[in-house]
Amino acid sequence: MRVFLELPPTLHRASTGSLPALRLAPWHGAAILLIILATPLYGYAAGGPAPSSALAVLVRWTPLLLRGFGLNILISFMSMAIGTLLGAGLGIALISERIALRATAWSITQFFRNAPWLILLFFMMYLLPYSLHLGGLTLALPDWLKAVIGLALPVMANIAEILRGAVQSIPPSQWEAAESLGFTRSQQLWLIIIPQGFRRMIPPWMNLYAILTTSTTLASIVGVNEVVTLAGQVLGAEGGGPDLLAPLYGYVLLLFFIYTYPISWATRWLERRNAS
Amino acid sequence: MGNIAAWFSHLNDTTGINFTIFYDPFDGSRFLNGFWLTLELSAISIIGSLLVGIAGAFAQGATFAPLRWMVAAYIQLFRNTPPLVQIFFFYFGVSAFLPSVKNSLGMSQPLVGGLAWACISLSLFAGAFNIEIFRSGMEAIPAATIEAAESLGFTRAKTYIHVVLPLALRVCLPALTNNLVNLVKTTTLAYAVAVPELLYVSNQIWSDSDNVPEMMLVLFIIYMVLVGFLVFAMHRWERWLRVPGLGT
Numbered sequence: 001m002r003v004f005l006e007l008p009p010t011l012h013r014a015s016t017g018s019l020p021a022l023r024l025a026p027w028h029g030a031a032i033l034l035i036i037l038a039t040p041l042y043g044y045a046a047g048g049p050a051p052s053s054a055l056a057v058l059v060r061w062t063p064l065l066l067r068g069f070g071l072n073i074l075i076s077f078m079s080m081a082i083g084t085l086l087g088a089g090l091g092i093a094l095i096s097e098r099i100a101l102r103a104t105a106w107s108i109t110q111f112f113r114n115a116p117w118l119i120l121l122f123f124m125m126y127l128l129p130y131s132l133h134l135g136g137l138t139l140a141l142p143d144w145l146k147a148v149i150g151l152a153l154p155v156m157a158n159i160a161e162i163l164r165g166a167v168q169s170i171p172p173s174q175w176e177a178a179e180s181l182g183f184t185r186s187q188q189l190w191l192i193i194i195p196q197g198f199r200r201m202i203p204p205w206m207n208l209y210a211i212l213t214t215s216t217t218l219a220s221i222v223g224v225n226e227v228v229t230l231a232g233q234v235l236g237a238e239g240g241g242p243d244l245l246a247p248l249y250g251y252v253l254l255l256f257f258i259y260t261y262p263i264s265w266a267t268r269w270l271e272r273r274n275a276s
Numbered sequence: 001m002g003n004i005a006a007w008f009s010h011l012n013d014t015t016g017i018n019f020t021i022f023y024d025p026f027d028g029s030r031f032l033n034g035f036w037l038t039l040e041l042s043a044i045s046i047i048g049s050l051l052v053g054i055a056g057a058f059a060q061g062a063t064f065a066p067l068r069w070m071v072a073a074y075i076q077l078f079r080n081t082p083p084l085v086q087i088f089f090f091y092f093g094v095s096a097f098l099p100s101v102k103n104s105l106g107m108s109q110p111l112v113g114g115l116a117w118a119c120i121s122l123s124l125f126a127g128a129f130n131i132e133i134f135r136s137g138m139e140a141i142p143a144a145t146i147e148a149a150e151s152l153g154f155t156r157a158k159t160y161i162h163v164v165l166p167l168a169l170r171v172c173l174p175a176l177t178n179n180l181v182n183l184v185k186t187t188t189l190a191y192a193v194a195v196p197e198l199l200y201v202s203n204q205i206w207s208d209s210d211n212v213p214e215m216m217l218v219l220f221i222i223y224m225v226l227v228g229f230l231v232f233a234m235h236r237w238e239r240w241l242r243v244p245g246l247g248t
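Here the protein sequences line up with chains P and Z, keeping their order.
So the first sequence is numbered by my numbering: it starts at 1 and just counts up by one.
So the second sequence is numbered by my numbering: it starts at 1 and just counts up by one.
Please keep in mind that the hints were generated in silico from the structure rather than gathered at the bench.
We put the beta carbon where it would ideally sit given N, CA and C, even for glycine.
Beta-carbon label-pair distances, calculated as ranges:
| id | chain 1 | residue 1 | chain 2 | residue 2 | range |
| --- | --- | --- | --- | --- | --- |
| 1 | Z | PHE92 | P | GLY29 | 18 to 26 Å |
| 2 | Z | ARG242 | P | ALA266 | 37 to 45 Å |
| 3 | P | ALA56 | Z | GLY113 | 33 to 41 Å |
| 4 | P | PRO195 | Z | GLY61 | 40 to 48 Å |
Short derived list, chain Z residues pointing at chain P, Cβ under 8 Å:
| id | residue |
| --- | --- |
| 5 | ARG79 |
| 6 | ASN80 |
| 7 | LEU84 |
| 8 | VAL85 |
| 9 | VAL181 |
| 10 | THR188 |
| 11 | LEU189 |
| 12 | ALA192 |
| 13 | MET216 |
| 14 | PHE220 |
| 15 | MET224 |
| 16 | VAL227 |
Bound conformation, chain P alone (with noise of 0.2 Å):
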């Protein structure tokens, strides 16, 4: 017996990139913000401390949290925009002609896309050396800058992915079309397969932005004094009760759902606008 099956959408967008894709509802937020206030107010009917102290103490705390997570944000901005460079060189090398810069290209993304992100923090914090001299310029590497290029690595790889896939994608009757009409091979590329694969690239870049996010909470492992890591001072600072767990990290947590959910949601509605 012959079954013939179609794929449906949503695997052939997962066979195309290892990253899973974030998908963030609305009531995502209402439930973290159930947690943050109920929490505290279950503690308190179970003879803990009044209700309106954790929330004291998340006022109070706001700035240096906000502040912590201003560098979460700095540190994904810079990640993206360095791994963007990096994996669009990458990513062109990806579908070039010659074999040699194909097969170093390649070796370059498959490394960088299945190392753990967490070892590669590692290796940018250790390896990379306290400031760098660069003629008479002595230039500073901060931890969170080391994290930046940690970050920025992985993101290359995926970008490179990225790029490959959409290039891909746009059938191969347009290359034919403009070999025919004289186009060179990289006029072919610049002119007619990127400005019809960008539209298809933005969807995954900007998932692949909601997921470098989300991972720069990885720097706290590695000491970087970020929002998880200031998370965590708050809570010894305050005593580091059980009670203040739940509405701190929950805090945090909302913090990361106001700023990807955005993200999330355009991604999606350009998806549909893509696929219609």
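Mind docking chain Z on chain P? Use the hints.
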């Protein structure tokens, strides 16, 4: 083995390239233990996440609506929060509410340790994605196939096990491979709750011997090989399961 140890010792003496794990028995044994633990962690989480995925995808088709909502809420919760926060939540949050037990030395220790929590949270993390993957595989099965199974007297569970799952699995294997590769990479997060897996023991070793570049090189190669092996095995499985005419 003696030759290898002697060569790496010689390499250290002459060039300063210090692979302690190959000639120092203590470093070697703790590195090997870390390697086994990473394998164990990966294997348990892969199996656990597959079970979660299979059970969850079945529950998503239930007629009892609250069960469907619960599965949907679980998927959303675990897909959209960082896995590091999930591990912390189980290890620090849930663990605090469980009783502690006395170990053989009379010291009190938590009922569920870091390794078990890492396995549980990683299984739940990857399981949430697996449910989505299985579900999208099931979407590819024509309704007529399921109706045919029904008309042959299959119950919903039997249809799922004998008809839907085998077909869906074949369709969604490439996506499943991606997710499992991601899972193996995510096992490094167990480092954060002091599970002595590869990254953790490597950190101990490079703290003692000051050989970060060498250990990093070894780590990268091992994860490359692990991921490579997983992808190879999954591709073999994919080919072995292949039914002509099914899928692409």
